[in-house]
Every structure is written in C-alpha cells, then in structure tokens.
Amino acid sequence: MTPAYPVVKPSHVKDVVKVEMSLFNSREEIEYYQIELFDLNWMNIPFSTTYRVMQVGYKEHKSFDVYIRKSDMDEAVYLCTTSKVKKTYESSTLVASKICSRLDGRPA
Amino acid sequence: MKYSVAILSLLAFPALANVDIVGNVEAKCVIQTTKAGVYGNPIASKLSTTPADGGVLPVIRYDVSIADSYTANITHPTAFSSSPSLTDTLAWTGSTSVTQTSVAGMSAYEAAKIVVGNTTIFDLTLAGSTWFSTASSAVYGSAKALPGGTYTAVVQATCIAK
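From first to last, the protein sequence lines are chains A and B.
Following the numbering used here, the numbering of the first sequence begins with 288 at its first residue and continues without gaps.
Following the numbering used here, the numbering of the second sequence begins with 5 at its first residue and continues without gaps.
Just so you know, these hints were derived from the structure itself, not from any lab.
Possibly wrong hints are sitting among the right ones.
To be verified - Distance condition first, Cα-Cα at most 27 Å in a straight line; then the derived DSS-like pairs of lysine-lysine: (1) A:Lys373 with B:Lys39; (2) A:Lys296 with B:Lys148; (3) A:Lys374 with B:Lys148; (4) A:Lys305 with A:Lys349; (5) B:Lys166 with A:Lys357; (6) B:Lys39 with A:Lys374; (7) A:Lys349 with B:Lys39; (8) A:Lys346 with B:Lys166; (9) B:Lys148 with B:Lys117; (10) B:Lys39 with A:Lys371; (11) A:Lys305 with B:Lys39; (12) B:Lys148 with A:Lys371; (13) B:Lys117 with A:Lys346; (14) A:Lys349 with B:Lys166.
Work out the full structure: start from the sequences and follow the hints.
What follows is the structure, given as structure tokens:
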C-alpha cells in the first residue's frame, strides 16, 4: 500500500479530510483486503470509505479514498490494509499480511 | 520572392522541445508468501511446521524500496483459526528468523530482532528483499491425541511505516 506517509487533503464535506491511497496485490492466493484505521495504541478510529473490504485481483492496482473526521486526526496514526485469508482443507499455517502507512508523517 | 522563401523556411523549421521524464521512488513495502506452511504430525499430540517434524516452514518475503522506512512485525500463532472441537488446552511455541537476504548487511537483522510475546520485530534498515520463516508448534494438553481433522493457524505479517 502506498504512500507510506500520505498527504491529508480537504474533502468536499465540511470538517472531513481525505487521504488518497493505492493498493497493489502481490499475493496470488489473496483476493480481498480490509482497510482499517488505528491510533498509536492500535485502537480503532472511525473512518469512511467506499468499501471496507475490497476485491483486488493478483498483480492489480486499486486506488481508494479514506475519509476521516478532522476531530479524529489528532488520534489517527496507522492506516492499514490487511489481507483476508481463505479457509483451507489441509493442516497448514496461513499468512495474513498487514501493511500500515503513517498519517502523522515521518518521525524527525 | 526572396522574402516569401525566407518566411516559408522559417515555418518549415521543426518545433523542438525537451520533454522531461520524471520518476519518483517512494517508500513502499510489499509482502509476499514465498512458501505456505504445513503442519506435520510427528506424534499424536503434536502439530509442528518444523521440517524435522514433517512440517513445512512458511516463508514470507518483505520488499522495501527505501531504507529505514518500515519495521516488520511477524506474529506466530497462539490459536487455531479452524480445527476440530478440542476439549483440552494447547501449549503453543513459535519463533521467526531471517532465512535469506538480497543485501549482505541484512543478515544483521537476525541479531537485532526484538521478541515481544509472540511477535518478532525486525527493523528494516536497508532497501531490498528479506525472507523470514516462522516456526509454529502446538502440543495438546497432557499428551492427548489430537482429534482427526484439519488444523489451520494464521501467521500475521505486518509492515509498519516508522
């Protein structure tokens, strides 16, 4: 998921800001990704987007916008996408990948 | 006539312009599964991904485009995401190690790793690819035989911008 340090932009809604993100699916066995927003302590922060769980084909790019209330921006730190793993029928370990960008910018 | 030839020659002069191609490499982290893990069942009460136990270690590859921008946090399982009904406790163990690197200096990640509970944290200080493998084993309470069926557990591989 890019960018690692997204730029927060104004949206068309008052007191709501927008973050433009892009996701690339490099995992052939994964088809769905979930978008999540967390504070510094990994507690969920409310946000809005078109699809919280979106379908992204293998080697496919998908752009999406995340809308966050201005009042939540002091708390919002990690914007993450997590792969949704499928049930299998063999005794195995599955790998769930999560990639997180930072909304509070690169530390000095 | 002389003037018109001069004007025409000016008009026929090709327009030249320099067109720049601008590229930008930004910080990016890509996670791929190089090898899916499989549990072996060396004894009736144990499931393990260790090759000596008949299992296969899952291998996860991290690609980072810019040095010192991300940490890799890999969490080994402490529960099955799906299994037959179990009536006793499970004793879980696990660990994550660097198995392959694209840059020689990345081998230092192994010595510098931090283990917090069941999560192993690697500071990705160099750009390039790193392969990690995660060992996981579960032993059923009081050496009971595990019920027959399919057991699945999830390794959480996270890449967090610093």
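So, going through the hints one by one against the coordinates:
Between Lys373 (chain A) and Lys39 (chain B), the direct Cα distance comes to roughly 16 Å. Compliance with the 27 Å bound is thereby established for this hinted pair. Straight-line distance between C-alpha atoms of Lys296 (chain A) and Lys148 (chain B) comes to about 58 Å, which puts the hinted pair past the 27 Å bound. Taking the CA atoms of Lys374 (chain A) and Lys148 (chain B), the gap is near 26 Å; set against the 27 Å cutoff, the hint holds. Between Lys305 (chain A) and Lys349 (chain A), the direct Cα distance comes to roughly 16 Å. Compliance with the 27 Å bound is thereby established for this hinted pair.
Our distance criterion of 27 Å between C-alpha atoms is met by Lys166 (chain B) and Lys357 (chain A), whose separation comes to about 23 Å. Pair hint Lys39 (chain B) plus Lys374 (chain A) holds up; C-alpha atoms about 17 Å apart against a cutoff of 27 Å. For the suggested pair Lys349 (chain A) and Lys39 (chain B), the alpha carbons sit about 25 Å apart, so the restraint of at most 27 Å is met. For a cut-off of 27 Å, the pair hint linking Lys346 (chain A) to Lys166 (chain B) stands: about 26 Å separates their Cα positions.
Distance restraint check for Lys148 (chain B) and Lys117 (chain B): the Cα-Cα separation of roughly 35 Å exceeds the 27 Å cut-off, and the hinted pair is therefore not satisfied. In summary, the hint linking Lys39 (chain B) to Lys371 (chain A) is supported, as the alpha carbons are separated by about 17 Å, within the 27 Å threshold. For the suggested pair Lys305 (chain A) and Lys39 (chain B), the alpha carbons sit about 37 Å apart, so the restraint of at most 27 Å is broken. Of the pairs offered as hints, the one joining Lys148 (chain B) and Lys371 (chain A) is violated, with about 32 Å between alpha carbons and a cut-off of 27 Å exceeded.
Straight-line distance between C-alpha atoms of Lys117 (chain B) and Lys346 (chain A) comes to about 31 Å, which puts the hinted pair past the 27 Å bound. With a CA separation close to 24 Å, the supplied pair Lys349 (chain A) and Lys166 (chain B) stays within the 27 Å bound.
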